[in-house]
Amino acid sequence: FIQAEKYKDLYNMESIEIIEKPFSNDILIEKIESLIGNKITGRDKSEELIVLENEIEIDDDSIPAKMEFIKLYIRENYDTISTIRAISEKVNMSPRRLVLYFAKLYNQDIKNYINDVKLEKMIQFIQFSNMDVHEICLRVGFKDKQYACELFKIKYGFNPYEGIKKFRKKIK
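Take the sequence shown: its position 90, counting from 1, is numbered 107 in our numbering, and each next residue is one higher.
Read the hints as simulated data drawn from the structure, not as lab findings.
Every residue, glycine too, gets a C-beta built ideally from N, C-alpha and C.
Honestly, I wouldn't trust all of these hints.
Now the in silico label distances, taken between C-beta atoms and shown as ranges [stated by the list, open to error]:
| no. | residue 1 | residue 2 | range |
| --- | --- | --- | --- |
| 1 | Y178 | R113 | 34 to 44 angstroms |
| 2 | E137 | Q163 | 26 to 36 angstroms |
| 3 | R92 | Y178 | 22 to 32 angstroms |
| 4 | E167 | A120 | 15 to 25 angstroms |
| 5 | E93 | Q144 | 16 to 26 angstroms |
| 6 | N94 | E152 | 27 to 37 angstroms |
| 7 | N147 | K172 | 31 to 41 angstroms |
| 8 | E85 | Q141 | 19 to 29 angstroms |
| 9 | L89 | R156 | 15 to 25 angstroms |
| 10 | R113 | R185 | 41 to 51 angstroms |
| 11 | T97 | L122 | 33 to 43 angstroms |
| 12 | A120 | L155 | 24 to 34 angstroms |
Produce the entire structure from the sequences given, and follow the hints as far as they go.
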C-alpha cells in the first residue's frame, strides 16, 4: 500500500516495517493523495509523516467495496482466519479501522460475523458428514470445542451433539 521509511499507525502507535525505501515525504504524500483522491494540506514536508484519519478522508465509495471483499474473504477462508490484523492486511487497513467500518456498515461486529460463518459451516458438516463434533470444530477453525458448542447452542437452540442425532437420523 504505502512504502516509506516510516509510517505510523496511530491506532496502535506502532511503526509499520519498511518494504522498500527511500521515499521522500513529497513522494509519499503524492502517493497517499493519489490513493485517497484528496490533497494533504498544511503539512511541513520536512517533518516526519504521520497520517491522521481525521486529516485525510478516504473515498467512501471504496469502503463498502473493501468490506464486501472482507465478507467474501471470510466466507472462503473461515477455517484459516487467525486474527483481525491478518484480515485487515488484505485491504491495507488498520485492524481498528476495519472493525469500526465493518460494524458501521453491517451493524455487526466482525468477530461475530466470523463466528456466524463458522457456525453455519458447522451445521452443514453436522448435516452432511460423518465427522464427530471435535473434528467439525477443528475443521471450521474453532480451536476450543467448548466455546464453539456454547456459540452453537446460543445460535441454533440446541448443541451440536443433539444436531448430529437430529439430522443424521433423517439421512439414514
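Checked hints:
1. Y178 x R113: 34 to 44 angstroms: holds (38 angstroms)
2. E137 x Q163: 26 to 36 angstroms: violated (19 angstroms)
3. R92 x Y178: 22 to 32 angstroms: holds (26 angstroms)
4. E167 x A120: 15 to 25 angstroms: holds (22 angstroms)
5. E93 x Q144: 16 to 26 angstroms: holds (20 angstroms)
6. N94 x E152: 27 to 37 angstroms: Taking Cβ atoms as reference, N94 and E152 lie about 19 angstroms apart, which means the hint is violated.
7. N147 x K172: 31 to 41 angstroms: violated (23 angstroms)
8. E85 x Q141: 19 to 29 angstroms: holds (23 angstroms)
9. L89 x R156: 15 to 25 angstroms: About 20 angstroms separates the Cβ atoms of L89 and R156, which means 15 to 25 angstroms holds.
10. R113 x R185: 41 to 51 angstroms: holds (43 angstroms)
11. T97 x L122: 33 to 43 angstroms: violated (24 angstroms)
12. A120 x L155: 24 to 34 angstroms: holds (28 angstroms)
Hints 2, 6, 7 and 11 from the list above are not met by this structure, while the remaining hints are.
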